[in-house]
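Asks: Chains as they are written, first to last, in the working numbering: chain A, 1 to 115; chain B, 116 to 230.
Accuracy of the hints is not assured; some may be wrong.
[To be verified] Here are some chain A residues the structure puts well away from chain B; computed CB gaps all over 10 Å:
#1 P8
#2 P29
#3 T60
[To be verified] Computed from the model, here is a short list of chain A residues facing chain B with C-beta under 10 Å:
#4 L26
#5 A46
#6 R90
#7 L99
#8 A105
#9 D107
The hints are simulated quantities; they were obtained by calculation from the structure and are not laboratory data.
From the three backbone atoms N, C-alpha and C, an ideal C-beta is built for every residue, glycine too.
There are 2 protein chains.
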Amino acid sequence: MPIATARPLEHPAREEIRLEAVLHALADPMRLQVVRFLATLGEGEAATCSAIDLAISKSTVTHHFRVLREAGVISQVYRGTAKMNALRRRDLDALFPGLLDTVLAADAAQRRRVR
Amino acid sequence: MPIATARPLEHPAREEIRLEAVLHALADPMRLQVVRFLATLGEGEAATCSAIDLAISKSTVTHHFRVLREAGVISQVYRGTAKMNALRRRDLDALFPGLLDTVLAADAAQRRRVR
Numbered sequence: 001m002p003i004a005t006a007r008p009l010e011h012p013a014r015e016e017i018r019l020e021a022v023l024h025a026l027a028d029p030m031r032l033q034v035v036r037f038l039a040t041l042g043e044g045e046a047a048t049c050s051a052i053d054l055a056i057s058k059s060t061v062t063h064h065f066r067v068l069r070e071a072g073v074i075s076q077v078y079r080g081t082a083k084m085n086a087l088r089r090r091d092l093d094a095l096f097p098g099l100l101d102t103v104l105a106a107d108a109a110q111r112r113r114v115r
Numbered sequence: 116m117p118i119a120t121a122r123p124l125e126h127p128a129r130e131e132i133r134l135e136a137v138l139h140a141l142a143d144p145m146r147l148q149v150v151r152f153l154a155t156l157g158e159g160e161a162a163t164c165s166a167i168d169l170a171i172s173k174s175t176v177t178h179h180f181r182v183l184r185e186a187g188v189i190s191q192v193y194r195g196t197a198k199m200n201a202l203r204r205r206d207l208d209a210l211f212p213g214l215l216d217t218v219l220a221a222d223a224a225q226r227r228r229v230r
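Please model the entire structure based on the sequences and the hints provided.
Replies: This is the structure:
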């Protein structure tokens, strides 16, 4: 296995997560789509990046997932060569009660209205 | 009065306001500070840009207020040569129920924890 795949991915600890970074991470339609998908998974479940059909290049997908991870919105762990992604719902709900659900509801309302 | 001050300022109509733009506008500590201040005003009240002590250059202040206005978070109208700013709470609450209050609460929680 190449060394690169074994490199642990950096995550902010719960207390390092900042509202501004979370809002920035959510302020993008592609990243909102990722969060929307991950929010449908059960607790403890994770999905590969390719499980979400984003219709953009692989490097752009990687970028968006990294923004979400570095903001503390998702966790990413390697399983073999694939990254498994999960929403950090427990951390976000503890820090910013209701924020994630309110944003997801706002996103759903907008999609009903606009598309 | 110079013509520039009479130029009407462009605002998105309520139905043109997009969640991604609102989240982006809120994803900045200076802009959050502006929103926090404007949220303390009563309905129908407005404040000049200089009423909020941001400790940054005037051009940067202007930039931040413009981002907020173009996202639909605030309204800006000229009164003489001063811009009067107000939160578009009614529009935001109608489009994205609870979002503004949840973000303001998250911001308050973070400031209690971090500063």
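Asks: Tell me, which hint numbers fail for this structure?
Replies: 2, 5 and 6
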